[in-house]
Amino acid sequence: MVKETDVVVVGTGAAGLFCALHFPEDTNVLVITKDEADKSDSFLAQGGMCMLRDDGDFDGFFEDTMKAGHYENNKASVEVMIRSSQKIAKELIGYGVEFEHDGDKLAFTREGGHRRPRILYHKDVTGKEITSTLLDNALKRKNITIKEHIKMMDIICDEKTNECYGLIVKNADGDIDVIKAKYTVFACGGLGGLYKHSTNFRHITGDALAIALKHGIEMEHIDYIQIHPTTLYSEKPGRRFLISESVRGEGAILLDKNKKRFCDELRPRDIVTADIHRQMEKDGTPFVWLSMERIPEETIRSHFPNIMKQCLEEGYDPTKECIPVVPAQHYFMGGIKVNLSSMTSMERLYAVGETSCNGVHGKNRLASNSLLESMVFAERAADEIQEKMKAADESRFAKKADSNISDIDMSIYDDDKKITAEYKELVLNEIDKEKSRHE
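Numbered per my numbering, the sequence shown spans residues 595 to 1033.
One thing to keep in mind: the hints can contain errors.
[Unchecked claim] With a Cα cut of at most 30 Å, we get these calculated DSBU-like pairs of lysine-lysine:
id	residue 1	residue 2
1	K984	K774
2	K736	K984
3	K1029	K661
4	K984	K754
5	K1011	K984
6	K903	K853
7	K984	K994
8	K903	K764
9	K741	K993
No wet-lab data here; the hints were simulated from the structure.
Using the sequences and the hints given, assemble the complete structure.
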């Protein structure tokens, strides 16, 4: 079956939904997701979203981001992100997002790598607050259709003209469908599902990255994978539960097996992760301890209720005892290379959020920049696509799209498991190749 739309967005995280919401009501937007709409990693983000508090903090915010990224960041991307942060926060509040307040003003918290508090938050479930609010708004829009359990198998493209014409997908019934779209936006998240220990949902497996590699679309820093220092240690299989960096920002400290402090908890993530790995090796233990004894009990219960609940379920009361933590794969700084408007090296194809790499994070992401970055550049993608749709003669698109669709042998997509395995191997091999190149 062939379905037609103006824009198809792959993913229901903050980036995908924010992008979809920025199209006018006369633009038909189809948003698809491989799982349920609320099963994106954006829903799992705990700490918060950075915002430039005042012009006097620009240099500090810029330097903190660059330093965390080992100065490999794209400076233009960093500036765009920071300068856009107040606008994004205002838009989110307009959609109904409820950030915490200190009296009648917005409240800010601090996390590792930040020289001052500049992070907006909602308890310890900021990602859920933002993304669920965006989803609620998207579901109310007549021009936005959201379809769950639709798996992207490939793109429809003409590699001679370097244009994308939509997607080949497997629907909830297991049938292969074609989605013909004037513009395609990848907002598929990272690749945590490829790793044994990750804070990501298991179905986030880097599908867009594999498809991009398959078609020669430019990639960048695909080996830049972030490990989060503190996830709750458990012998149970499955997704690792994140202990937000803001816990350490509020005063929690890391301890060795003898309950002695061994590092500066507020340094960038990659440095703290290395400190923990060294200590675990020295102690011969599979975890280190995190103590919240310096944080008032009321703050733990009010600011970190979700963390409190999860710890209690694992048998630990963080108001009375230390909890075991261990590093796990968390975020992907690399991805499909995009420009400041989130366009890939293929015409009519955009990538936003963790799927993309605009260089804003460099080699290591600064805490709480991900939600901000994803929405800043998702909006820029929507803006550019709108401008192109106004200026373009789409009659040529329809003919080219139909011609390319008729040439596709759909039977090659029947074996879902085979394609999934091939895509996984493709991505992991490319990561290993890039790592070897940098060694």
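Each hint, compared with the structure:
no., hint, verdict
1, K984 - K774, "18 Å, holds"
2, K736 - K984, "21 Å, holds"
3, K1029 - K661, "21 Å, holds"
4, K984 - K754, "25 Å, holds"
5, K1011 - K984, "40 Å, violated"
6, K903 - K853, "24 Å, holds"
7, K984 - K994, "19 Å, holds"
8, K903 - K764, "37 Å, violated"
9, K741 - K993, "26 Å, holds"
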